[in-house]
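Engineer: Those protein sequences? They're chains W and D, same order as listed. FYI, in the working numbering the residues of the first sequence are 1 to 405. FYI, in the working numbering the residues of the second sequence are 1001 to 1117.
Keep in mind that the hints were calculated from the coordinates and are not lab data. Check before you lean on any hint, since a few could be wrong.
Claimed, not checked - Derived DSSO-like pairs: lysine-lysine, alpha-carbon spacing no greater than 27 Å straight-line: (1) W:Lys218 / D:Lys1072; (2) D:Lys1087 / W:Lys237; (3) D:Lys1044 / W:Lys218; (4) W:Lys228 / D:Lys1071; (5) D:Lys1109 / W:Lys218; (6) W:Lys169 / W:Lys237; (7) D:Lys1111 / W:Lys218; (8) D:Lys1071 / W:Lys64; (9) W:Lys169 / W:Lys146; (10) W:Lys147 / D:Lys1087; (11) W:Lys218 / D:Lys1071; (12) W:Lys26 / W:Lys368.
As the list claims (entries may be wrong) - Stretch-level coverage of chain D by chain W, calculated; a stretch enters the list once three of its residues show a Cβ under 8 Å from a Cβ in chain W: (13) 1068 to 1074; (14) 1089 to 1095.
By construction, the Cβ of each residue, glycine as well, lies at the ideal position given by its N, Cα and C atoms.
Letter by letter, the chains look like this.
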Amino acid sequence: MNINSQEVTTFILAGGKGERLHPLTKDRAKPAVPFGGIYRIIDFPLSNAINSGLRKIYVFTQYKSLSLQRHIREGWNIFSRELGEFIDMVPAQKRIGEEWYQGTADSVLQNMNILEDERPMYILILSGDQVYKMDYNRMLWQHIEKKADLTISVFEVERKDARRFGVLKVEDDRITKFIEKPSEPAPDPGNEDFCLVSMGIYIFTLEALIRNIMDDAKRTDSTHDFGKDIIPSMIGKYNLYAYRFIDENKKETKYWKDIGTIDSYWESNMDLVNLDPLLNLYDRSWPIRTFQEQFPPAKTVFSGENRKASVTDSMISGGCIISGARVNHSVLSTNVRVNSYCEINDCIIFDNVNVGRYSRLKKVIIDKNVQVPRGTEIGYNPEYDRKRFFVSENGVAVVPKNYKW
Amino acid sequence: MAKKILIVEDEENERILYAEELEKEGFEIKAVPDGTVAVALVEKEEFDLIILDLQMPGLDGIETLGKILMKKRNLPVIIYTAYPQYKDQFLTWAADAYLTKSSDLSLLKEKVASILK
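This is chain D alone, in the form it adopts within the complex (with noise of 0.2 Å):
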């Protein structure tokens, strides 16, 4: 069974390239624009990934990663955002990988592989 990404962002034209591009590596993907629907889908659904923005509107992607790994522990996530200075509050040393965005997807698509292997 194809293993099932969750994708938070909040950005439209990222939001659906990142979808295409791992749905083109076999995965089964969802992809919401908000943290509280990101929240709300992972109690109800079982994802094997989470790939995170930071900043959203709303409930931004470090208090999504605080709410989401106190309802799956275990879950894993991958930051993927702009910004690299996020690194130093601590919530995010909780997530399992912290990438920085770029045009060249092949990192991002690297480290999912390595974590779903």
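Chain W with its partners taken away, still in its complex shape (with noise of 0.2 Å):
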């Protein structure tokens, strides 16, 4: 099948807060939080859409979006407008509205004035904050195939870990139900043991966007979210189908993560270092691209008996000095410097963090741009990080942003 993808308009909806990866989204949005030591997390959807062709999006913002909006503007300033690509940050201008957007369909509605311009025939909306690597075009394929208003992407969860999803029944694919966190989640026909949850990813076609939107629009019930509102509303009155996800990841198991906690965020960031990670960053046939400073290569000096580099299963990124000291099992950022006598274990720091002497650091996040003093000791001592630092249920501790001891 041929598919003109100039058809194809992608919303990417970056509005979210993240609450819960506090500090991290203290003052940047969820998406543009860094992640693998060189990357932000919106970096995944935007390299998705550009290895299925789509190369017409636009990126909704609202919250904390200045980091957001540099980060994208220095890195994905990549399009060709002649050729009829761009990528367009939309930040919310209130055009109609006086308040922040409502739910994630009103940010479509308060800019309607696109669809308007553009009238493509399918609109792709995503989440920018999902890390997964996904060919959004076999998407596509399906969903015109299957002549369907709505394609929702699904993933197959266990069962008992369904209730905190949108949760899909389908007879053949085709939509019958879908319910927000349910108390029972519905299994998947023929798979008993799992459950198919959206991913939070849609195909539609313009007209069903547009009429659900406005029927939406003018329910004060509503609150104005895809999954909670327009898809539930729209089923048995639409051919809504589920598309189910095929990982370009290429890994036995399929991996999808939309990270929502510190410790989840740690967890992932952990994946990378391991021997055969659950994500794969290093396959050319789906790259993943981002905003690359120019640093020199990662450096590591010293090789005495006592004051000796070492550096095991860690991902050192650009500009980075690793310094007479001890780095285990840890990601780091570009242009961090590890002085002589420190041990980092189960780290990850950001970019332009230097550390000073004599440092010990477990299980620690820094955040960008901090010095720590010579001989500083962060998760040895639970109850004295507490009183410190915001430290999560499974022990993490967190140094935010520009932060002076």
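Make one complex out of these two single chains by using the hints.
Structural biologist: Here it is, written out as structure tokens:
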């Protein structure tokens, strides 16, 4: 099937506050949170779109979008407007409303002028804060083949874990029911232990999208959200299909993460330094791109008996210098300096951090632009850590951006 | 109690005509000449229906519709315009009816009656 990708406009909803990722989201929207050393979370959906040949992209932002805007301006300015390609940031402009977007559908309603001007045949709606690899074109093929009005990408999760998602009931992949966060999730027919949950990835045919957003806009009992309001109201009246997620990550277990908490954030980063990580960043057939400032290669210095640099099971980004220190099982962003006699274990360190001599850090996330003083210990005395920093349920301490000792 | 209708129409003659005709039907009418005034009024007063012209100076009918929609989500709106071509402006799909103006007001009256019944 030959589909003209010009007929698809992509909306990336990047307004999420990500409150449970606090303090990483204190100054930045969740899609702008760094991930895997050099990436930001939004690089994943953006790379997926590019790899799927979709190059008409609007990114809807609202809260704390400065670092997100800067990242996209500096890193994703690769489109040719002459060829009809673009990535445009759409801040909440309050064109017709005077408040922030009330729900995901409200952000589309308030920017209806975009659809009016573009008039694409299909609209792909994505969330800007999930980590996964997906070819949206395959989903589009199914959407067209089934003559669907709405196709929802679905992920199989174990029934016991399905309660926090939007769960679908299907007959031959035709959606017959959709319930947000059900107490008794309906199983996938033929696979009783699993449920099909919505990934928050939608393809709408233009008219179905507009009609339903307009109908929903008039409802006072609505929260104007795709998952909670629009999709349930469409069932029975429109052709709704589930698309079973095909993972371009090409591992045995499918990978799709909505990184909700500091603990799951820490675990997803630690996965990357495993021998065989669940998320493969090294597959050249599905590259994930990002913005990278130019830095010299990562470097280690000192190889003496007592003063020796050692880096094991870690990812070290450009511009880093590990000087006579031990770094183990950690992810370091660009321009990090770890000085002599330090011990760094199970840590995630963001850009422009300097760790002073004799420091010992275990299970710590250090946000950008922090000078860690000589002899600092974090991760060895939970009670003391909790007095100074946010510490997660599983004991991950977070030193916030620009923290001053 | 009589149902209350807000008419938004920049042409004075038409505004008066619609108001008189609908008052005869027993409705309470307010009629204003522009969108900005209409939006402010909708915030202050309760209406049961709005009859909205599209081509108006200042805030046009479609922008007015958007702003009213954001303030009073379920307030019924009839678009009453001389121009059928605005139908492909998506925001007009939020209106409960889109009628093209005619010298015979019976169609408008019927629509008003069916929405307010």
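Engineer: May I ask which of the numbered hints given earlier this structure violates, with the numbers listed in increasing order?
Structural biologist: Structure breaks no hint.
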